[in-house]
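> Chain by chain, the residues run as shown.
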Amino acid sequence: MKEYVYDSVYLRSKDFEEGNVLFETWDPNARYAWDAGVAIGRYLQGLKAGQLIGRHCPECDRVLIPPRMFCETCFRPTDRWVELEDTGAIITFSRCYVTWDMIRITDPQIPAVIEIDGASPGMGIMHMLSEVDPDEVQIGMRVQAVWKPAAERIGAITDIAYFKPL
Amino acid sequence: MSGNRVAVVGAGMTKFVRRAQETAKELAWEATHLALESCDMTLDDIDAVIIGTAPDAFDAVHMKSEYLSDGCGGWGKPVIRGYVGGGTGVFAPIQGWYHVASGLFDTVLVVCEEKMSSCQPHPQGAFLTIFDHTTERPLEPNLLWIFALEMNAYMNRYGLDKRDIATVAVKNKRNAADHPAALLGDANITLEDILNTEVLAWPVQRGDVSPVTDGAVALVMSAEHVARRVTNKPVWVEGVGWTLDTAYWTNRDLSYPVYVEEAARMAYKMAGITEPRQQIHIAEPYDPFDYKELHHLEGLMLFDKGEAPRAAADGVTQRDGDLPVCPSGGLLGVGNPIAAAGLMKVAEIFWQLRGEAGARQVPGSPKRGLAQAWGDLMQVGTVIVMGV
Ligand SMILES: [Zn+2]
Chain A
1 MKEYVYDSVY
11 LRSKDFEEGN
21 VLFETWDPNA
31 RYAWDAGVAI
41 GRYLQGLKAG
51 QLIGRHCPEC
61 DRVLIPPRMF
71 CETCFRPTDR
81 WVELEDTGAI
91 ITFSRCYVTW
101 DMIRITDPQI
111 PAVIEIDGAS
121 PGMGIMHMLS
131 EVDPDEVQIG
141 MRVQAVWKPA
151 AERIGAITDI
161 AYFKPL
Chain B
1 MSGNRVAVVG
11 AGMTKFVRRA
21 QETAKELAWE
31 ATHLALESCD
41 MTLDDIDAVI
51 IGTAPDAFDA
61 VHMKSEYLSD
71 GCGGWGKPVI
81 RGYVGGGTGV
91 FAPIQGWYHV
101 ASGLFDTVLV
111 VCEEKMSSCQ
121 PHPQGAFLTI
131 FDHTTERPLE
141 PNLLWIFALE
151 MNAYMNRYGL
161 DKRDIATVAV
171 KNKRNAADHP
181 AALLGDANIT
191 LEDILNTEVL
201 AWPVQRGDVS
211 PVTDGAVALV
221 MSAEHVARRV
231 TNKPVWVEGV
241 GWTLDTAYWT
251 NRDLSYPVYV
261 EEAARMAYKM
271 AGITEPRQQI
281 HIAEPYDPFD
291 YKELHHLEGL
301 MLFDKGEAPR
311 AAADGVTQRD
321 GDLPVCPSGG
331 LLGVGNPIAA
341 AGLMKVAEIF
351 WQLRGEAGAR
361 QVPGSPKRGL
371 AQAWGDLMQV
381 GTVIVMGV
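These protein sequence lines are chains A and B, in that order.
Numbering-wise, the numbering used here puts 107 at position 107 of the first sequence, and it's gapless, one number per residue.
Numbering-wise, the numbering used here puts 326 at position 326 of the second sequence, and it's gapless, one number per residue.
Next up, chain B with everything else stripped away, as it sits in the complex (with noise of 0.2 Å):
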């Protein structure tokens, strides 16, 4: 592991809703707050901020990061703003820890914010602009498009059906029941409730995807004099790792994820993970469709190649399985507010790594969990190993 050595030593979140009162700043306030108090810190004991939040057309604030900076304890400190779509709210912490590990800092605060809601008529709006504006725009695409494609594609390659898949919404969304966060946790759905659910563009159904959302989440990340001084059970980051795959995503092989591969790679190199399916005790790979799942927990080498949907049947990745998948709930059940959602995955891990989970405690004390995360024109990977 290069670098000094850094911690998770506290974090805190909003609710996850639909459509908060509250504005984005207010909301990103509500969850530093938290995550400072959860750890006994006050904003003197932070030196630096890293913000994490989706594209300026969400909210129509232009340098979002500026406006929501004093909702994330910036004021006169040194702040960032990282931003790789959907896979921000594992970079974020990534941020965090080499302002850390670089010894430039001794502690920082990690704050993602999302306000999806304030885009009208549809958030689907703000994201046309990722197609290319001479070579796709004139063909008036969907952003569900992509994810049609993909998921075609990944269900062709290994001869999946829609019922192969659907058990991770089942999974998750049942998962979610548990969290107090969460926007639709429902311990009671079945799968023929999520293979019911209108077809948007086939194969996706309404089922299959995680919704529009509000909500922020933070955390403190501490230099190693500094954690053992806070807290007992400091949460170690072990590896991180990131990559991007060409933008021209119609050149790609779509069925599967190669930049998650990479990211992952340099993570388990960092961490010294040579056996990822033994060594990783649990995982939040990134879920904003139910595909996404297993297409990430192959891409994490975590299952071979088009086998993940069978392990997911085989009750694998449940909270009680042999690799508990999302214990959280994810993004389709606690819901999907894009930066907040990927830190919302890093603070799972922290809970569960410090046993402090509640009813969504997975059994056997896990000592090693990783979170992932995937956006841009679906082509970055993040990934974060963390360890107590």
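Chain A with its partners taken away, still in its complex shape (with noise of 0.2 Å):
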């Protein structure tokens, strides 16, 4: 199959910098402004002040967090509110180096999903997790979430400031 390989042609960094070669670039500016929608709305609301909420599939009988208006499973509407607590378990984690563009950080991140109390089995949200030695977190550890001061919360994602062991 050697003979079906086109022989193309091998840029390095340096051409770049050099430059050895022609190009183009452009820094796009776009901005959005995305609805949060009705079941991510309630739950936003839920978040400013200090709960966390879910919602019950009547027909599955499921607590579902993030909470969504119809249930993906049966594909009927979900019925009511549930609150929830703001703890859980370590479902999965990591320990992250590097920034999204790959540049070297120091003190790792702590990205893990929870699976929050009160929702059903492997119901799961992604937060970060701190006030921990990266080296002790386990699959499975208790956490509990550490909110801001209701003054700062805005309701978003981030009104949970992480979550710590219990």
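Derived by calculation from the structure, the hints in this document are not laboratory data.
Cβ atoms here follow ideal geometry from the backbone N, Cα and C, with glycine treated the same way.
Among the hints, erroneous ones may be present.
[Said to hold, decoys possible] Here are the simulated DSBU-like pairs of lysine-lysine, each with C-alpha atoms no more than 30 Å apart in a straight line:
{"hint": "1", "chain 1": "B", "residue 1": "LYS77", "chain 2": "B", "residue 2": "LYS25"}
{"hint": "2", "chain 1": "B", "residue 1": "LYS77", "chain 2": "B", "residue 2": "LYS305"}
{"hint": "3", "chain 1": "A", "residue 1": "LYS2", "chain 2": "B", "residue 2": "LYS25"}
{"hint": "4", "chain 1": "B", "residue 1": "LYS269", "chain 2": "B", "residue 2": "LYS233"}
{"hint": "5", "chain 1": "B", "residue 1": "LYS162", "chain 2": "A", "residue 2": "LYS164"}
{"hint": "6", "chain 1": "B", "residue 1": "LYS305", "chain 2": "B", "residue 2": "LYS269"}
{"hint": "7", "chain 1": "A", "residue 1": "LYS14", "chain 2": "A", "residue 2": "LYS2"}
{"hint": "8", "chain 1": "A", "residue 1": "LYS14", "chain 2": "A", "residue 2": "LYS148"}
{"hint": "9", "chain 1": "B", "residue 1": "LYS25", "chain 2": "A", "residue 2": "LYS14"}
{"hint": "10", "chain 1": "B", "residue 1": "LYS233", "chain 2": "B", "residue 2": "LYS305"}
{"hint": "11", "chain 1": "B", "residue 1": "LYS162", "chain 2": "B", "residue 2": "LYS305"}
{"hint": "12", "chain 1": "A", "residue 1": "LYS164", "chain 2": "A", "residue 2": "LYS48"}
{"hint": "13", "chain 1": "B", "residue 1": "LYS162", "chain 2": "A", "residue 2": "LYS2"}
{"hint": "14", "chain 1": "A", "residue 1": "LYS148", "chain 2": "A", "residue 2": "LYS164"}
{"hint": "15", "chain 1": "A", "residue 1": "LYS2", "chain 2": "B", "residue 2": "LYS233"}
[To be verified] What follows is a set of in silico ranges between Cβ atoms, one per label pair, in the way DEER data are often shown:
{"hint": "16", "chain 1": "A", "residue 1": "ARG12", "chain 2": "B", "residue 2": "GLU356", "range": "46 to 56 Å"}
{"hint": "17", "chain 1": "B", "residue 1": "ASP320", "chain 2": "A", "residue 2": "GLU3", "range": "42 to 52 Å"}
{"hint": "18", "chain 1": "B", "residue 1": "ALA313", "chain 2": "A", "residue 2": "PRO121", "range": "28 to 38 Å"}
{"hint": "19", "chain 1": "B", "residue 1": "GLU37", "chain 2": "A", "residue 2": "VAL21", "range": "37 to 47 Å"}
{"hint": "20", "chain 1": "B", "residue 1": "GLU66", "chain 2": "A", "residue 2": "PRO28", "range": "14 to 24 Å"}
{"hint": "21", "chain 1": "A", "residue 1": "PRO165", "chain 2": "B", "residue 2": "GLY159", "range": "18 to 28 Å"}
{"hint": "22", "chain 1": "B", "residue 1": "THR129", "chain 2": "A", "residue 2": "GLY122", "range": "23 to 33 Å"}
{"hint": "23", "chain 1": "A", "residue 1": "GLY122", "chain 2": "B", "residue 2": "GLU275", "range": "44 to 54 Å"}
Build the complex: two chains, separate frames, hints provided.
See below:
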């Protein structure tokens, strides 16, 4: 099959730095304003009030977080809001030593998926862990939300500053 | 098998490189030109064109497939672009299959192209919009997180360590040393080399990850009466399958790719495969990360859950093992120009089943193989089974 591989031309970073090749650049300036929607709008209100909430599916008898107005499994409307705990267990986590554009950071960020108490098994949300030795984090570890002071909460997922071990 | 019989009759590709001088359109032409040449066809023989390419945001070109279409031979022809993220490279030939199986077209071109290098400072930026804009993006996530979270869930479920998984990176980079298009082939790489690479997002280290790559791959697919005329070695599409899992990714069991299983079941049923471990002789599962090859082999039901790492350690998945896996060198070795990487796997099955894979040829004249890809928000599975 060798004869069916085209010998495309390989450029190196140096070719750009030294101006050996011609190129064009563009910095887009794009701004968006997203509607939170019915379910997540109410979720954000709950966060502002220091409360995690989910939605109940009457058909599957599941409590869903993040909340949604319809159940993706049975495709029926969900029927009521359920107040959840702000505690849970770590389903999985990482220790991240780079930014999204691959610049190294010294103190790792610790993103995690956290199963929320009061929701159905496996219902997790993504958030960050802190106030913990990164090397001590374990799957299954019990954690609790650390809320920003009420006056600083704006109705956003970041109203929870992070989760910490219980 | 539903529909008319469809064969792959030709394939071509570009070298996979970190940054190509060629534009996307030029890369697409290079691969397409060679695919046509490989089966002595010209554009006049082509009835329709299927284009696979990842998000417009990579190139900042609106309707990228329309932009690409000239290089793909699409001028004046029915053209379609399917896009299912990383799953695209196997979904495009599935689209090629139903274009021909339906009886609507006799011969189609399937062209997948990716030029990741244009996106600055890093193409990961183009992927950050996969996170939910209200419930996740305010946390300033990094794309690597979801792979690290999934890999950790997989390792934890089966008590695996990094050593169990890094064997895949070693195998694939070694296999790629025999691929004339490969970016990261290395015949002498060792397990320690992989384990000593820098930690990006634990458990993901640099050696576990496939590289940012530019490249293109093209196939020619034909109905039986054309295939019999143009080649004495048609490779038949025996089964196709694809499924999507929920976008609520934090609600899924990340340790098992159920969507790959569902796609495989669809493809196996169509192909009449009841015992995949006996009936599949060679596999090209999607391996953008080393753990993904193992994860996908389990989803494809080629190994029991949690058992793929041991099989890999025992040499079962080596090119001369009982089930050669990624004999091409995969994304880890040949490179990962998203959509083109998936189609490279289909091309590899084509070359292997025809006995044309050169130094990469697996022994024992394999009769049936599969390629699989994965993508979107870690939730799409695409599978194609081919045989001779
Ligand atoms: Zn339901």
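> What hints, given by number in increasing order, does this structure fail?
2, 8, 10, 13, 16, 17, 19, 23
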